Amino acid sequence: MSFKLFFLLLKAAGWTLSISLVSILLGFALAIGLSAVLLSSKRLYRAPAELFISFFRGVPLLVQLLFIYNLLPFIGLNVPSVVAAIIGLTLCTAAYQAENLRGGFESVPRGLIEAADMAGFSVRQIFLRIKVPIAMRLTFPALVNEAIMILKSSSLVSVVGIVEVTKMAQDLASSTYLPIELFSSAALIYLVICWSIALIGRYTERALPGGVK
Amino acid sequence: MKKTTFLKAALGAAMLFSASLSAHAEDVLAKVKAAGTLKVGTETAFAPFDYIDAGEHAGLNVDLFAEIGKELGVKIEWVALPWEGVLPGLEAGKFDVVAGPATITKARLERYRFTVPIAEATVAILKKAGAPISKPEDIAGKAVGVGKATAQLAQLTEFSATLPTKVDIREYPAFNDAYADMAAGRIVAVANSLPNIAFVAKQRNGAFEVVLPPFGKKTYFGFIGTKDADHASLVDAIDAALLKMKADGRMAKLQEKWFGQKFDTPDAVKDPAF
Amino acid sequence: MIFDPNVILKHLPEIIQGTGVTLALWIAGMAFGIALGFLVATTRRYGGKATNVVLAIPVEILRGTPFLVQIFLVYYGGPFAGLSLGPIPCGLICLTVYSAAYYSEVFRAGFAAVPHGHVEAAECLGLSRVQIIRRILLPEMALIVLPPSVNLAVILLKESAVLSIITVPELTTTISAIGSQEYAFLEAIFLLAVIYWAIVEASAKLGRIAEARLSTFRFSAP
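Each protein sequence line maps, in turn, to chains A, B and C. Going by UniProt numbering, the residue at position 210 of the first sequence is 210; the numbering climbs one at a time, nothing skipped. Going by UniProt numbering, the residue at position 230 of the second sequence is 230; the numbering climbs one at a time, nothing skipped. Going by UniProt numbering, the residue at position 186 of the third sequence is 186; the numbering climbs one at a time, nothing skipped.
It is worth saying that the hints were derived from the structure and are not from the lab. Being a predicted model, the structure only gives us computed values, none of them experimental. Treat the hints with care, since some could be wrong.
Unchecked claim - Now the in silico label distances, taken between C-beta atoms and shown as ranges:
hint, chain 1, residue 1, chain 2, residue 2, range
1, C, 48, A, 110, 40 to 46 Å
2, B, 271, C, 198, 40 to 46 Å
3, C, 181, A, 110, 56 to 62 Å
4, B, 36, C, 23, 46 to 52 Å
5, C, 109, A, 124, 34 to 40 Å
6, C, 39, A, 203, 31 to 37 Å
7, C, 135, A, 36, 40 to 46 Å
Unchecked claim - Keeping only pairs whose Cα atoms sit at most 27 Å apart, straight-line, the calculated DSSO-like set for lysine-lysine is:
hint, chain 1, residue 1, chain 2, residue 2
8, A, 42, C, 205
9, A, 4, B, 257
10, B, 39, B, 270
Idealized CB from N, CA, C, for every residue including glycine.
The shape of chain A in the complex, shown without the other chains (with noise of 0.2 Å):
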């Protein structure tokens, strides 16, 4: 296999980064929102969220996609293709994340909580000082596997019309008939990306607060 069409996949590859990349960082504050709606004690709000959640755990993200893509367009919101991959992947993170975060935050130990209450912390003070970084910091290894869950997701969004490392591997073996070498090289390419969020994961979890130094 030439160098020509192992650059070739890096460059799709630039695809599959931007496209991950930028779907698990709206899908994370999407998550925000939709966490702190599960968490309400008002069964009205939580139905729609938990929904939502039920919807995008529950249906394979190749069928979300088509669904995006193709019935969008009859409620009047026809995207092009990167939009229609980025909101499949961004929704399908955005229900993992928030069933996340909300485990996160239910497990913030109460006794810390009354705890700051007496010592005089406003509730204001309490959720920035004591619940979130706590739930960050339980949350964030689950955090860190969704991440590489939807970089992997992401081969399919060729589904939408992306050529993304995956779609470019099967372009490419079709054409030179080297079908070993092309989709070890693009599941190098997986890897090498998994095993770089797997790692800065790491280094990360040691440095949020409560870490092991």
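Given chain A's structure and the hints, the job is docking chains B and C onto it.
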């Protein structure tokens, strides 16, 4: 998650379906010209019409649409999807027209509007070199690959029904996948249109062979647009461009370039054989 | 756009068959995956440091690459290396191996969560290694591994839709073929979403029931 929320979800999704898009009548040709780009949906696994040659989008489609773009004074923006997603994408308005090309069939004419035919599409068999197939009927009982959601599949299915033992038809997302699987030995033949398999046989010199005569009825390839009034002017303009290219010899030259021969195609197919 | 339920009714037998193939592949892939994953996890725990490191390599590769790429490599690359599998065996093997990698990690975490003192106490009492696994580790970690196992099961069901790309006649393949054949694209996407969603909700519910049963068992056991 309770049962009621699941029901609500189903209802909500059903409402999404019934919410029909308010028809905003807008002439698509005018829109395309104003934007300066014509969006063309296609599948890039259909050599020699449309494929990726060492990372570059190439084929007859690319050359023909470059000329169409010149005639209309617009740039071409390609959207490549798996074939199964191309026609749904057209209906959802993701692009203005579909390259493909697709075989002009009775069933499709009921739903879509085709452009001037660009090549012959008659279906024949491509076999693995050495496979015991000397005429189309010999595929009876054998594993034969074909593209999903294609007219070639419909014709193969019809042909299979006339044989003493049915053909073991394997449907692939793209014809490329079927060729790859034939090289791998899981299937012994692929049914596809003559221009396609002639090109593949030449490329894989010696590994694959074309079985003549074709088993399918005489059919033609065209580009596809929607039937609605908004798109009429655009498809008319593409038709005019194609006819002009036929008249001045550019079409024949491109056919020579990609197929090594030119096709005697009609200017329109009103009543397809299949 | 009009939603036409007749398309669904007309093709009901095929839809049921496709659902059956998906369920069969999913359950078989998961069952073999759990067995293989458990084997990998126990070998990594008791097989010494070298074995642990050697086994970590395939596990990390399988977890670090998309399922789709793995399928492509085995299905289209396999024949070049003398391994020519049909779509269904290829799909089943890929699903098994992929799930084994993830399940082995679930079990490893489960083993690690059992208090060390319990294992030591059992050792002092003279229990054999097999007895320790069966009597101490497995029951104690059951409740710990159940929620991630159910999550993983759901992820695997969804991943199995990817098998449509190598022509396995499962749910996604069947319904999208019907969609193209009948030009009922939207009905097809809608139906796919609903069926997968229903299976996922049902299995999540089963998981919760199992969890409730297990926890009463755990707290009422002497």
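The hints, checked one at a time:
Residue 48 (chain C) and residue 110 (chain A) have their C-beta atoms about 43 Å apart, which keeps the hinted 40 to 46 Å range intact. Taking the beta carbon of each, residue 271 (chain B) and residue 198 (chain C) are about 45 Å apart, inside 40 to 46 Å as hinted. As the Cβ distance of residue 181 (chain C) to residue 110 (chain A) is approximately 58 Å, the hint placing it in 56 to 62 Å holds. Separated by about 51 Å at the C-beta atoms, residue 36 (chain B) and residue 23 (chain C) satisfy the suggested range of 46 to 52 Å.
The given range of 34 to 40 Å is respected by residue 109 (chain C) and residue 124 (chain A), whose C-beta atoms sit roughly 36 Å from each other. Between residue 39 (chain C) and residue 203 (chain A) the Cβ separation comes to about 33 Å, which falls inside the hinted range of 31 to 37 Å. In this structure, residue 135 (chain C) and residue 36 (chain A) meet the distance hint of 40 to 46 Å, their C-beta atoms being roughly 44 Å apart. For a cut-off of 27 Å, the pair hint linking residue 42 (chain A) to residue 205 (chain C) stands: about 23 Å separates their Cα positions.
For the given pair, residue 4 (chain A) sits about 26 Å from residue 257 (chain B) by alpha-carbon distance, which is consistent with the 27 Å threshold. Among the hinted pairs, residue 39 (chain B) with residue 270 (chain B) is consistent with the structure: their alpha-carbon atoms are about 26 Å apart, no more than 27 Å.
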